[in-house]
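Here's the letter readout for the chains.
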Amino acid sequence: MKKFNIIVLVKQVPDTRHVGKDGMKADGTINRAALPAIFNPDDMQALEQALRIKDLYPQTTISVLTMGPPRAANILREGLYRGADMAYLVTDKRFAGSDTLATSYALSLAVNKLKPFDLVFTGRQAIDGDTAQVGPQTAEKLSIPQITLAEEILAIDNNTVKVKRTIANGIEIVKAKLPVLITVTGSAAACRPRHAKLYMRYKYARTNQELAKEDEKMQALFKSRPYLKIHVWSVDDLNADPLWLGLGGSPTKVKKVENVVLAAKDSKVLENDESQINELIQELMNNHTLG
Amino acid sequence: MKNVFVYCELEHQKIAEVSLELLTKGRQLASELGCALEAVVIGHELDDIAKSLFPFGVDVVHIADDSRLQNYLTLPHAHILTQLFMQESPQIVLFGGTFIGRDVSPRVASALRCGLTADCTSLVIGDYTEPKTKKEYQNLLYQIRPAFGGNILATIINPDMHPQMATVREGVMKKEILDDAYKGSINKIDTHAWLNDTDFAVQIIEKHITEKKINIKYAPIIVAGGYGVGSKENFELLFQLAKLLGGDVAGTRAAVDAGFIDHDRQVGQTGLTVRPKLYIACGISGAIQHVAGMDQSAQIISINTDAHAPINAIADYAIIGDLMEVIPKIIKSYIKNSK
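Residue numbers (our numbering), protein chains in the order written: chain P, 1 to 291; chain Y, 1001 to 1339.
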């Protein structure tokens, strides 16, 4: 029976799609506390494509891997509830401030620790940055090909994968030798929901740091169930070069961030009133804005 | 050396519109910096195409012409660009924020270990003093883009690790011919020396191109809806108004994400930039992400229940009210006055 070793790169992101009135502080910076931290939407679609391969080849191992602060373990648990087998958290204060290049460096080291792998999946882009850069940059660092904007995995065998991907004004079907990194678009199939049995199995999955806060009963339970371990890797575990990490390893710097106050025009304010609206339409027709 | 480069991508054997827009921007930057503008084209049968770039003020066109490069493939493009930039040491490289540009540029940035800023809405030359070391940098590229879901505007710089690379979406910059008689030179890249078999690890088996169904870029009037429209059904009212006025319908990213409207109609930093003569913003709050794609409209009408919505500040006319009531009044008035 064929089996594949699949790694899914995921990210915990602030829900920037729903920035409400509390989302911004008075000084124009982001009020992160007011934004819920969620599983990046495109990464969910990426997980689904991995799970579909596991449906066909149940011996397949899926590892969810993320880099982030300790609380990012939450999305790894979410991945386990939906069908991933292993969870890895890359976390270290020295990673803080990483741009896409430094992030892809750290992720590539972590992926290489899980060698030999067949496929690396990730979402097209994360909603907090929208750059779509980390996938291709990680592929380059791993020296493997990339297939971006995948809609669907059409076929997979021991050596090759066939993928339908989006291109400008159309689609393309491509074939690549394994291993390959695939970024999955947001329009691909949505991820299946949590599985009740898997939820029961993994709800006590913990990192060591989280486990330390639990009582003795939980510690004992954890010892008897090794699959509950969320693996945590630091800079040292990855043998990472400190010069390539965090702010120092990031070529791009943020010079300035501003909350833009739109330059106010001398705008005319109208009520929801038939005659006022009629006057405006007449004006726009008279000056030929409306034909 | 230290010149400005633009990666010019091909669309059906023609240079993509966005690449021509970037050549115009690149020319301005090069002139300000006192350096040359160079273009790179990768494909097959490129001689005429290469010459057509000179009027944009291009000093050197590098062409990689090879029958294996008929279709875009990530690895050969990334490999050629990486080697060319290692050889030529550009100070700035611009890519279109397209399917192709966003696929190849991160791979090149990773190989060169340089910075890359996605979806810039403005590119400006300026100086920088590093706050800790007080080290001064002159003539850096300020890469300005809405960030964090379009809720803030960030200025990004790459002080040390060059080239400074950025992507820009179509329509953000303006295309302009500099001089029809402008003289430049062509450099042919030896693709056989630069490419190897591993660059063709991904093969295209099939390709299906559908003619673009929707193109709101040139619509004279745009009726746009935001999350505040509430549903896909409610968008029908916007389509009705657009049809009546001879315009087209657009949506914000929030409306697209909510499934109210097709992605091809998204206006904003990560969608299209439009400059219609009239933009009617319905139920749109005015996040920078969106405003970046429509603030050059000749006239703007906002329809919003919130009198303090940021969009009202840039609107010529702000109608305070529920769009489901206001739009029918506009339709009625327009029909009455057309008679």
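The set of hints was computed from the structure by calculation and includes no laboratory data. All C-beta atoms, glycine included, are put in the ideal place defined by N, C-alpha and C. Do not rely on the hints blindly, as some may be mistaken.
[Unchecked claim] Label-pair restraints from in silico Cβ distances:
| hint | chain 1 | residue 1 | chain 2 | residue 2 | range |
| --- | --- | --- | --- | --- | --- |
| 1 | Y | PRO1220 | P | ASP266 | 16 to 26 angstroms |
| 2 | P | LEU56 | Y | ASP1197 | 22 to 32 angstroms |
| 3 | P | ASN159 | Y | GLU1206 | 52 to 62 angstroms |
[To be verified] Derived EDC-like pairs (lysine to aspartate or glutamate); straight-line CA-CA distance at most 16 angstroms:
| hint | chain 1 | residue 1 | chain 2 | residue 2 |
| --- | --- | --- | --- | --- |
| 4 | P | LYS175 | Y | ASP1066 |
| 5 | Y | LYS1329 | P | GLU271 |
| 6 | P | LYS177 | Y | ASP1197 |
| 7 | P | LYS253 | Y | ASP1160 |
| 8 | Y | LYS1277 | Y | ASP1306 |
| 9 | Y | LYS1329 | P | ASP273 |
| 10 | Y | LYS1002 | Y | ASP1160 |
| 11 | P | LYS255 | Y | ASP1160 |
| 12 | Y | LYS1207 | P | GLU151 |
| 13 | Y | LYS1277 | Y | ASP1257 |
Verification of the hints:
A C-beta distance of roughly 24 angstroms is found between Y/PRO1220 and P/ASP266, which places it inside the suggested range of 16 to 26 angstroms. Distance hint for P/LEU56 and Y/ASP1197: a CB-CB separation of about 30 angstroms, consistent with the stated range 22 to 32 angstroms. For the pair P/ASN159 and Y/GLU1206, the beta carbons lie near 20 angstroms from each other, so the given range of 52 to 62 angstroms is not met. Under the criterion of a C-alpha separation no larger than 16 angstroms, the hint pairing P/LYS175 with Y/ASP1066 is inconsistent with the structure, at around 21 angstroms.
Under the criterion of a C-alpha separation no larger than 16 angstroms, the hint pairing Y/LYS1329 with P/GLU271 is consistent with the structure, at around 12 angstroms. At most 16 angstroms may separate the alpha-carbon atoms for a hinted pair to count; P/LYS177 and Y/ASP1197 meet this at roughly 13 angstroms. Restraint check for P/LYS253 and Y/ASP1160: satisfied, since their Cα atoms lie roughly 10 angstroms apart, inside the 16 angstroms limit. Only pairs whose Cα atoms come within 16 angstroms are accepted, and Y/LYS1277 paired with Y/ASP1306 is rejected, the gap being roughly 24 angstroms.
Restraint check for Y/LYS1329 and P/ASP273: the C-alpha separation of about 8 angstroms stays at or below 16 angstroms, so the hint holds. Between Y/LYS1002 and Y/ASP1160, the direct Cα distance comes to roughly 13 angstroms. Compliance with the 16 angstroms bound is thereby established for this hinted pair. Distance check on the hinted pair: P/LYS255 and Y/ASP1160 sit about 14 angstroms apart at the alpha-carbon level, within 16 angstroms; holds. Restraint check: the Cα-Cα separation between Y/LYS1207 and P/GLU151 comes to about 14 angstroms, which is no more than 16 angstroms; the hinted pair holds.
For the hint linking Y/LYS1277 to Y/ASP1257, the alpha-carbon distance of about 27 angstroms lies beyond 16 angstroms, and the restraint is violated.
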